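2 protein chains.
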Amino acid sequence: MAFTFQINQDVVFQHDKKLIDQADQYRPEIYHQTILPRHVAELVEDDTKLGGYRCKESSLTIAELNKKGLKRDDTIILDFDDHYVGNFSMKIEATGSPMDAPLYFRIRFAEVPSELVQDSKDYDGWLSKSWIQEEFIHIDVLPTEITLPRRYSFRYVEIKVIDTSPKWQAVFSEFKVVARSSAQCQQLKPIHIEDPVLQKIYDVSVKTLQDCMQDVFEDGPKRDRRLWLGDLRLQALANYMTFDQHTLVKRCLYLFAAMTTQEGKISANLFIQPEYMPDDTFLFDYSLFFISTLYDYIKHHDDSELLQDLYPIAKKQMMLAQEKVNEEGRIILEESYPVFVDWSNEFNKDTSAQAIMIYVTRQMIELASMYQDEDITIYQTLLDNMINYSRDNLFDKEACLFISGDNKEYNISSQAWMVLANVLTKEENKKVMQKTIQKLFPVKGIATPYMYHHIVEALFVAGLQEEAIQLMKAYWGKMISLGADTFWEAFDPDEPDYSPYGNPIMSSFCHAWSCTPAYLIRKYIENR
Amino acid sequence: MAFTFQINQDVVFQHDKKLIDQADQYRPEIYHQTILPRHVAELVEDDTKLGGYRCKESSLTIAELNKKGLKRDDTIILDFDDHYVGNFSMKIEATGSPMDAPLYFRIRFAEVPSELVQDSKDYDGWLSKSWIQEEFIHIDVLPTEITLPRRYSFRYVEIKVIDTSPKWQAVFSEFKVVARSSAQCQQLKPIHIEDPVLQKIYDVSVKTLQDCMQDVFEDGPKRDRRLWLGDLRLQALANYMTFDQHTLVKRCLYLFAAMTTQEGKISANLFIQPEYMPDDTFLFDYSLFFISTLYDYIKHHDDSELLQDLYPIAKKQMMLAQEKVNEEGRIILEESYPVFVDWSNEFNKDTSAQAIMIYVTRQMIELASMYQDEDITIYQTLLDNMINYSRDNLFDKEACLFISGDNKEYNISSQAWMVLANVLTKEENKKVMQKTIQKLFPVKGIATPYMYHHIVEALFVAGLQEEAIQLMKAYWGKMISLGADTFWEAFDPDEPDYSPYGNPIMSSFCHAWSCTPAYLIRKYIENR
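Sequence order for the protein chains is S and R.
The opening position of the first sequence corresponds to residue 1 in the working numbering, with each subsequent residue numbered one higher.
The opening position of the second sequence corresponds to residue 1001 in the working numbering, with each subsequent residue numbered one higher.
Read the hints as simulated data drawn from the structure, not as lab findings.
Some hints here could point you the wrong way.
What the hints assert, rightly or not - Here are the simulated distance ranges between beta carbons: (1) R:I1146 - S:L60: 33 to 41 Å; (2) S:I272 - R:V1117: 35 to 43 Å; (3) S:I272 - R:A1063: 28 to 36 Å.
Quantities reported herein were computed from a predicted structural model and do not represent experimental measurements.
We treat Cβ as the ideally placed atom computed from N, Cα and C, and that holds for glycine.
Start from the sequences, fold in the hints, and give me the full structure.
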């Protein structure tokens, strides 16, 4: 997540000290791993790779850099051979005459080679330029060993000497990254998948998740390094199937629960530094996914204390959402509290919102049952109403597809979410997805792994396993063939070089919401 | 100094531990002074100031910055009201929605307003770009207080926000510089000068010297921050007349003495960090000025230990120089060991070199006498030879000017140095300088305060006090009228915006060799 933009500075938040203390109790240990670069790289054009570039191994070796003096405009690229999140160190010395001027160099960190082709000056989008992983550094006295104080997310490091002086050159060596993650790799559940493409998709999903697991589940370690509720829900699902570090999920749930608005609404995302702080951005579906994430947690790890602590907060989200449902069982949203569903605003989201509400209400009913909440009957009535409204007014029986909005638009999202919400029978679900394939495929204008995830899961739920696998390969598999070490925040297979920000240096190429194949493969393929 | 460029990497230096220990014994205490900015400034065009710009006081106050959120491309300029050398600190906070992206800003330090008009990208000279006082800084978490780790030389600080995000702004406040100098202002000898222009020239000279007095006498605190022997000689002279911190001179003399080449030659300059190291640059006159600086020291502060320790090194410089004098008493230099005299290479320097050798030999004879060196007779013979050669072959009696080189060129430098060398009678000296004024003035093509110093001192020595004062005012006084807070490394009154590096961001506007009016005024004006 990242693309949503709201300013609501007047909102007042409350901080529940008790819940924050609980969150802090589950603060994860960060594991460090020292990684050396595999080789020196050269950027070469390659039409088959993202952005038309790849990095090939240079004839110059890492060991030879030890003896290579670099002068004004000389550049080296280091390839760490995989994606890492962490702190970069190196040694710098001077060679030649005495160092009669400071060293000035630029250092850039790139997740994909095509970032290195860009010039940061050319980026002028609305998203902050401050995300560009580029530093300009003066060193007055050599030799020195430096560890850059900031954390970066990268596979490639490019060092360009802006200047030494005509009398001496700079020598760079002893490069390393101390990679950081709160994921414990030894806890990873072993898996064997016959299909090598699926195996690779699984592995890259796990690496993506691993690199987003830090002090909380981050959406992207390069940008915006934040805890988003919608992303958390998917990360948690992938996590149960892989590292299964459930206390990190618990920590994040407590954090969201601890900082609601005065009326009890949960923010779409939280900041962790300099102190816990909810963002002033609110999304209807993201607030509801608090219920969903709590439900998934309890399903995987029975935890009555967590339920006791957080059920009241979940219930509050339900109450706030209920207000948006009219007597007919139809959900009507306001502009000030929009549903996200997907970045694209090219399709009508009314039916998707309706389906998400149904999906979550089912989970709420199960939580209410465990909590022995008498209001369970209210939720059951609400659910029936919403389902009936959907069947009667949103399902086009003839087309066997759901319509959305005043223009009765058919779109993929509505079908996927209505299948996930289980509004129809098993056979009907299958038919809806078959019709979706027939009438609405191939997927067009969708650039988020987030939406693709829901489409693929709907295909699995509808019993269309082959089609689900085919779409997963066509989407996540294509990222791999384009060179992905981790899965990307945004990807449109029809337009591989598309960046929502107009420039790959702003894109996040390791993004939490794209890690779900690990979950999908474990849940729907491995055990069948 | 700075402009000289040599590479002699094969030279082997010796390090005399005993002399280095002596130098370290005189390592100065650095005094710190906390300075707050006087006001917020705005850059305005002004043809009467250097580079066509000055900074005027903004209607915005420093106090108001406390409440002013700055967003992408917003800029503020702080005016510290005088030149300082030191470390800059400030507080940075975020205002608006939560900080959803790092802060990225550029900070520039400028000695003169016209530096702020430049874009560092436009500089492409041979002198290292690394000297440009410009940093690009990311801050991940606000609020924070930062102290930039590097030392800068400046009066103006410009902060430009490259980006925050559309949701929040950055607030900068609590600016301060901790200014550094080893000069003890309370030791400054009081002076009263009737002429307000001379008083101002004196004050700016003292400030220039003060800001160049650090761990050693630096040539320029912005660039190149190094101990040059030719500059040291002039700084020491100004120092005896002002702060009189003679131990700092002593320290510098010991350092030069401690690190000669294997044949005993003294380098033109030394590096102090990361360890004491002589540069591989050698200048005939600079090596000789070791004798001159030692002589001046002993004249001002009798010190038999210093004489005992350093006389052998001084004698070595004399021996190496003697080899360049032929039987006729004529000095003949090689390209590999050139005479500096001035940056300009537009005039012939043979006669200047001859005069400098005579000037220094006189001082050597006095040192030899104090040291009771029997070789004093050799130096006396040498001196007589050189004087006779100069009178017989270099002095054009008809023109009453010295000639230089095969083309028998008249140039100002030859006259000034021959007068300083005292080759002629008092009356002749006066006539030479009168002729110089008549035939060779106004000074053309000379851009260094270093050369102007020698011309002005020659006028004083020749008894032309009014003319000396007039030239001092026309040169140093003009820098003041153009806006100087400290005197500049280079200045050509005919071309005020001239920079030897093609861009003012590379120029040093506080440069040691320009501080000599403090000495000239004290020696030739105050007491007469």
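Outcome of the hint check:
1. R:I1146 - S:L60: 33 to 41 Å: holds, 37 Å
2. S:I272 - R:V1117: 35 to 43 Å: Holds, since I272 (chain S) and V1117 (chain R) (Cβ atoms, about 42 Å apart) stay within the stated range.
3. S:I272 - R:A1063: 28 to 36 Å: holds, 33 Å
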